[in-house]
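Novice: Note that the protein sequences, when read in sequence, are chains B and C. The opening position of the first sequence corresponds to residue -13 in my numbering, with each subsequent residue numbered one higher. The opening position of the second sequence corresponds to residue 800 in my numbering, with each subsequent residue numbered one higher.
It is possible that part of the hints are untrue.
[What the hints assert, rightly or not] Dumping the calculated SDA-like pairs for lysine to any residue here, alpha-carbon to alpha-carbon at most 20 Å:
{"hint": "1", "chain 1": "C", "residue 1": "K818", "chain 2": "C", "residue 2": "P802"}
{"hint": "2", "chain 1": "B", "residue 1": "K89", "chain 2": "C", "residue 2": "E985"}
{"hint": "3", "chain 1": "B", "residue 1": "K150", "chain 2": "C", "residue 2": "P1004"}
{"hint": "4", "chain 1": "B", "residue 1": "K89", "chain 2": "B", "residue 2": "I77"}
[What the hints assert, rightly or not] Between beta-carbon pairs, the in silico distance windows are:
{"hint": "5", "chain 1": "B", "residue 1": "Q81", "chain 2": "C", "residue 2": "R977", "range": "32 to 42 Å"}
{"hint": "6", "chain 1": "B", "residue 1": "S54", "chain 2": "C", "residue 2": "R977", "range": "23 to 33 Å"}
{"hint": "7", "chain 1": "B", "residue 1": "T22", "chain 2": "C", "residue 2": "W1077", "range": "35 to 45 Å"}
{"hint": "8", "chain 1": "C", "residue 1": "K1075", "chain 2": "B", "residue 2": "G185", "range": "51 to 61 Å"}
{"hint": "9", "chain 1": "C", "residue 1": "Q841", "chain 2": "B", "residue 2": "H11", "range": "30 to 40 Å"}
{"hint": "10", "chain 1": "B", "residue 1": "S39", "chain 2": "C", "residue 2": "G918", "range": "52 to 62 Å"}
Honestly, the hints are just simulated from the structure, not real lab data. We put the beta carbon where it would ideally sit given N, CA and C, even for glycine.
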Amino acid sequence: MPINQADNTDTLLEVKGLWKVFANHPVNISSPDNGTLEDLQNNGAVIAVRDVSFKVKRGEVFVIMGLSGSGKSTLIRCIPRLIEPTKGQIIVKGQNVLDMDEKRLIEFRRYETAMVFQHYGLLPHRTVIENVAFGLKLRGVSLQERQDRARHAIARVGLEGWEKHYPSQLSGGMRQRVGIARALVQESDLLLMDEPFSGLDPLIRREMQDTLARLQKEVNKTIIFVTHDLGEAVRLGDHMAVMRKGEFVQQGTPEEILTNPADEYVERFVAGERVILSGSNRQSIYTSMPNRANKQAMSVPVSAPVAVAGRR
Amino acid sequence: MFPQEWHFHVAPYIDDFVKWLLTAWGPFFDGLSNLVLRMLLQVEHFLKWLPWWAWIVIVSILAWRLTHNWLKTLLPGVLLFSIGMFGLWEVAMETLGIVIIAVLISLVIGIPLGIAMSGSERVNGVITPILDAMQTMPSMVYLIPALLLFGLGKVPGVFATVIYALPPVVRLTNLGIRQVSREVQEAALVFGASRWQMMKEVRFPLAMPTIMAGINQTTMMALSMVVIASMIGAGGLGEEVLKATNRVAVGKGFEAGWAIVVLAIVIDRISQAAAKSWEPPQR
């Protein structure tokens, strides 16, 4: 089932045997067997991430898909240690994030990763340009340089002219463009995206997906992308994993998962999407076909409407 | 009848404690007293040095810049004028001086305390009941320890006022920081904010409107306490009210009371407008 058998040299992120147990008492899962796990759950502990392992190559988009409560948001938060994992290894460029002390961890967050959130997480008292430059400010970059770089990033996401506005003055789609610009300006290799487009209405969501696909062509980041939307996963992902109750039930390319679902759960997930995908007469927004050629063709439109749309 | 042999008094122990405090810590309280008195005199000197019309101009300009509303700009000036008209300008400035010093001391103690409470459940658990007690205690009670430690005059007035006015700014600093959205803090954290940066760039500025509301409350409470503190010789408008009460001079009492209300309104309006200017813009 796991298909990531590429050579290790260009692996940017590797997660090995990751566990996260939420409990209000210290937890020992050094040798997890079914008995101890059951005990834990009976004591009110919640196993949010259960022995998850995966590898992501440099420049790849890895999509983690699952319904709400499947543990996908917890998993992505474990990578920069916004949530402290209970057990396992998170290796980024050969370094285990879980071994880092506080100082090194702050450095890792400042220089090697960036994140985009579902609810944007913008500073309401700062303008667009100040928000975008926020990460650079934390690094201690000079005002002049961070403004130049922030302007550049704002232009990239198509928000020129909005630099002096406040987040409350923008629509949801525009706020998320600010969120993406804030992540891009960091020029970190690893980009974490936690359901970035889930809060947006379908048309804007589609537009943002196209914007992201275009940007990804330009900057070629390594992206971990969490979503509950199979269409989105298929459209954006090079590889994907389906998550349920804290476990990866299947990993593979989108094509593999669509054509060959591992179990009934994935099958059900995929079935709904197939109906939409194959619904021949319906010109729905989900016209994407689950194969590489079409995906490329779809993510190409980069021209004007993408940049302008999303404004009110 | 309660059995005689079960009577037990803590009063002598408290008296002993205070006596000990005064002998062992005498120089400390003297020094503190002198420091506060000097600050107070400086502020009072400045308040009286600036002519009355300059105050009215300053307040009006401030009101205009904060509200951009003609009525709200003119009103404070007119009200202040009425204080001078009643011949209470000098005493009003004395009251204002004590309020300013008491509020400054309250902020220096209260804001760090509120920050500490927001960061630790244990600190929160210890301080909250103390604040509750401070707020339920009748305000006159604070006059007694202030009187004991600093004698009669303006300095004990300042201290009684600080104790009385402290709780709101502590509580609202704590509340404001706790209310800062988790999402925004998470975002700042993932971009590599250190503890200090988190406080300086995210928590404190986002809590600022709430903290300003606390400062406003503290100022209002300080003003009301200064009046009571005149009973231990703090002077100012409170003394005028006290004198009028003793002589049943209703008219004089009204004038002094009016002046206190005017000070309260002017300070309240301006500090509220200032608080608003801290809020992030709504489209």
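Novice: A separate judgement is required for each hint: does it hold in the structure or not?
Specialist: Verification of the supplied hints:
1. C:K818 with C:P802: violated (31 Å)
2. B:K89 with C:E985: Status holds; Cα separation ~17 Å.
3. B:K150 with C:P1004: It holds: about 18 Å lies between the C-alpha atoms, which stays within 20 Å.
4. B:K89 with B:I77: Holds, at roughly 17 Å.
5. B:Q81 with C:R977: 32 to 42 Å: holds (35 Å)
6. B:S54 with C:R977: 23 to 33 Å: Holds, since S54 (chain B) and R977 (chain C) (Cβ atoms, about 27 Å apart) stay within the stated range.
7. B:T22 with C:W1077: 35 to 45 Å: At 52 Å between Cβs, range violated.
8. C:K1075 with B:G185: 51 to 61 Å: violated (29 Å)
9. C:Q841 with B:H11: 30 to 40 Å: With Cβ atoms ~57 Å apart, the hint is violated.
10. B:S39 with C:G918: 52 to 62 Å: violated (37 Å)
Hints 1, 7, 8, 9, 10 from the earlier list are contradicted by this structure; the remaining hints agree with it.
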